[in-house]
Amino acid sequence: MVNSLDPTCNTTPEPMTPGSTTPNPTPLEISAAELTVPQNTSAASAKDIASDWEPKILVFACQYCTYAGADLAGLSRLQYPTTTRVLRVPCSGRTNPQFVIRAFQKGFDGVLVAGCHPGDCHFTTGNYFTRRRYLLMTRLMEFIGLDPRRFRVCWISGSEGPKFQQVVTELTDTIRPLGPSQKLWDEGGISS
Amino acid sequence: MKKVGVFVCHCGTNISQTVHCEKLAEAAKTLPGVAFSTEYKYMCSDPGQTMIKEAIAEHGLDRVVVAACSPRMHETTFRKCIDSGGLNPYMLEIANIREQCSWVHSDKDKATAKAGDLVNMAVAKVLKNEQLPSSFIPVHKRALVIGGGIAGIQAALDIADTGYHVDLVEREPSIGGKMAQIDKTFPTMDCSACILTPKMVDASQHPNITIIPYSEVEKVDGYVGNFDVTIRRKASYVDSVKCTGCGLCSEKCPSKKIPSEFECNLGTRPAIYSPFPQAIPNKPVIDRENCRYFKTGKCKICARVCTADAVNFEDQDEMVQIRYGAIVVATGYTLYDHSQYGEYGYGHYKDVISGLEFERLVNASGPTMGKIKRPSDNTEPKNVVFIKCVGSRDKARGHDYCSRACCMYTAKHATMVRDKIKDSQAIIFYMDIRTPGKNYEEFYLRGVEEYGVTYVRGRVSRIYEEGEGENRKLIVQGEDTLLGKQVFVDADMVVLATAMEPQPDAAGFARKIGISYDQNNFFSEAHPKLRPVETLSAGIYLAGACQGPKDIPDTVAQAGAAAAKVVALLSKDEMETEPIVAKVDTDRCSGCGFCIPICPYKAISFTDLTERVHGSVAWGPTGKEVKRQVANVNNGLCQGCGACTVNCRAGALDLLGFTNEQILAEVDSLW
Amino acid sequence: MKDTVIHATNTIAIRHEMRNIARNLLEIQAVDLILGWKKGILPNKSAPAFIHRPDQVDDLIFDEFCYHNLTKFLLGCPDRQDRIADNEDRLKTAIFVKGCDSRSLIGLIQDNQITRENVYIIGIDCPGLKEEHNTTILAKKCETCYTATPVEYDILIDSPDKRPENPNGLKGFQAHRDLAKIENMPPAERGAYWQQMFQSCIRCYACRNVCPVCSCKECCFDQTLPNWVGKGNNTSDNGFYHLVRAMHVAGRCVSCGECERSCPMHLPVMLLNSKLGLSIEELFDEPPASMNFDVTATLNHFKPEDPEEFM
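Protein chains in written order, with our numbering: chain B, -5 to 186; chain G, 941 to 1611; chain E, 7 to 317.
Since the hints were derived computationally from the structure, they do not count as laboratory data.
A virtual CB, placed ideally from N, CA and C, is assigned to each residue, including glycine.
Be a bit skeptical, because a hint or two may be false.
[What the hints assert, rightly or not] One-sided excerpt, in silico: chain E residues whose CB lies under 10 angstroms from chain G: (1) Glu33; (2) Gln116; (3) Asp117; (4) Asn118; (5) Met253.
Just chain B, same shape as in the assembly (with noise of 0.2 angstroms):
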């Protein structure tokens, strides 16, 4: 019979973590120390660090836009750090989330994804989208314990040569100090 429940959760232990690994209808709730929680997991010391390691960042550019901002602090002759490597795209709207979540798979250290300020949008709308769906990306990335200093969605104009400037550079100098990522979910655990 189904009788009528108070409606206040039960509070009967669940496992917090996953992965008993055998289909125990009732697994055991596995104890902190027994997460694997990776050695380097704050800001990595310095002598972790090779003195000549330079983080390798992914910026998805808008073609109208940013990569436009990026061409002008080319013209502008304003000098950045060699860490950037711009993957043009037409618009902020087509860089899907996956490319995203795939760069930091294979290893980038950062990933910048930059576009037409909101209501700028050559194509109109298509950065509306954009901001929506990387307001919840962020905090899904960071949910899963990505570091947030990672990955930055940003708008640069086509006239804003030295913001494109300023945002790498900032971006560089906060992830170097960080370390090399490690791959999304590779064997040594998530970097932080």
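Starting from the known structure of chain B, fit chains G and E onto it as the hints suggest.
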């Protein structure tokens, strides 16, 4: 076997001073798929391009990477180059090693390493490139001009003269627009009607122009070359074919005291009316709101006196759909509602009027037969004060922008006051005097020097009334910023130079036809300098003040430019479309329709797909034909932004030229 | 189309009404298939029932183990798809839905996978289900559900036993029991937690296959061109799978909890969906997905005044 050729450009020393171009070209040889690699001083030069073409032939290359300047600079150049070398122009990728590498870095080794990565990415991508066919869409050789002011008339005439048919849609009963209301035009002081009405007649008699008066555009479907436009012909209650335009109905109409829109409410008109005597078409319409028959059910005098039996009280709005190849939007402007400036007493003081009202007062065919009389008591004003920038250049209450024409028409008005009323004074309050046009400065100086117009620099803070009856006058209180003191000026009449602003329904109209508009609701041009008459929607062009405040010469020039663009489009039997468009894999499409709302161009819609079902299914026989809905991209409308591809979870939508595979290959290429 | 409400006082009465309605629908030939539940072979596990004939209706039951969301059975059936396309006036399918099921049905209708006119929806007020292995406690999947009464139906079997409404309304009701715990972990520990979760995943795709809003014809994880994700079972690709799946159902997930319930490894799969669901609530002030037909999926529209964090 895919064969990539990599061509590294030195760009003189622009690239080679920071990037080891020889090493780069050498390293590229080791990349998978690369069959040939070389470097040259100027890849974009004639010998450079010849080198690419020769390499294609000699090494059997089927795709090309050029490591050089930004693709925004020379992508088209190199596409043409490999096209003439026998490859599909889209078998090209550019590695941007100048703007995004050599110019922004100084460490030569690091810059070379980065350039190597950029070449790597480009090679990985180009290996996934596919030949993209240019597709062609037919062009329907008929143009639509929306708005029958001087911009629309000029554009229509210019298009029609080249032999293409033009429909000119006007929402008022007559074409002519604001220019028909104006008395004289600066700086030549031509009579406005004398230069406009011949053009109106030309338009009405032109074999290639159809004027569709008293009608509005309801809907625009389709795309460049093939717009399907729905036009609402508003019920005019007068059969324009039968009507001879004799005017007897207007003469006999008993409701005569209706404020005339054309006369800025300074004159009156009957309920069955033509806006002005030179109207084209000169066929009256019935103003339903004010018609005695529609209000009381009795009258029909107009029908009785009409010898042509043209009056039809049963007339209904009618929708017509016509296909056009190109559209010119020339919907014009309206004037800022200066009742916002309560301290100027507009509406409260009858003798505070707008510039356009002044045009009617001074017009020989206007309500005062061209005698300047102040509205309150029909006496001749002796002291006339003009206030400029009412609603323009005023962030707080009006618009940020300058309305451009006001300085000149105020100079014109003041000159006319001094000319027509010999013992008068014309005083202009101004912020700046802007006369950037041919003979404009001279015109303004003539007003000051020959006609004795007085300019006072400063804003007016208040207008108030003093005295009674004959002695009643307005006091204009303002600051003379050059003298640095308050001034009080007696005025018999005050004329406000109100801002030009977009039509009240401009934003809604823009959305309806699919063009963008700026923060002020003026329609946006595709590029402020280089594409001033195009919109971002291919095949739709702008003319006149709907794009921004303009005077008549600029409007006419822009109308001509828009007409030239239309003619260039219509002169082609079919037009080539950009092949970088979204493409649907119907096998993968489940018809969820998530791509439809995300497309800003309404390029995606459902289509029915009939297919045969095989294999075991839960219910029903196998091997039977089923119909299902899938997404379909209209290549004419798609602009290639790729937003839809991300909203397609199954990846059934992909963007040619930037496919999922290509982008993943680029991401993977560096690891 | 919330037409008729029938009152039933207890589970026996509910079962009785279910059978009456089903029998009647088949006899008057309003429908030719009814999707419901029947007693399962294993204890504490009711099974889906496919009723074609009036003599089968006595198989129908409703108890605390009717976990299955039946709406997904409406998909992948070309015969029925065909009706959608040609709008032929053929017989409908009737389906029994609990509150959570009804939301996923709305989701599928919004996704153009089912036509509302082609289904006859029989709603049941849900008292909340029980854990299969401990019948005294509320099933985990029901903890995040406060839509006891179906949000859409043609006929509703009302019951006094139904689970009470959430006192906080819809706010926060998608929160997974463990969400706060994970959120409060230090980042490194959180990373390790997920690392372990993705390591334990066997990529059986049960969570995807059971998900009522996963309605793609060909899932991107099954594709090889492009090869979105490696097909092997390794931590990295498993992680990609879970994150991408979470993004794909973001703003569409009806928090029915079937993914987590069906996971043979007992992984907290719902956590990711719950995190995104609450983020949507917080960021865009939107109601949970598919509570009615008016709101479309979160990532299908935008507001110019959405929060700005990317300046």
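Hint check:
1. For Glu33 of chain E, the suggested interface contact is broken, since its CB lies about 21 angstroms from the closest CB of chain G, more than 10 angstroms.
2. Nearest Cβ of chain G to the Cβ of Gln116 of chain E: about 9 angstroms, under the 10 angstroms cut. The hint holds.
3. A cut of 10 angstroms between beta carbons decides the hint on Asp117 of chain E: the least distance to chain G is about 4 angstroms, and the hint holds.
4. The criterion of a C-beta within 10 angstroms of any C-beta in chain G is met by Asn118 of chain E, whose closest approach is roughly 5 angstroms, and the hint holds.
5. Interface hint status for Met253 of chain E: upheld, as the beta-carbon distance to the closest one in chain G is roughly 9 angstroms, under 10 angstroms.
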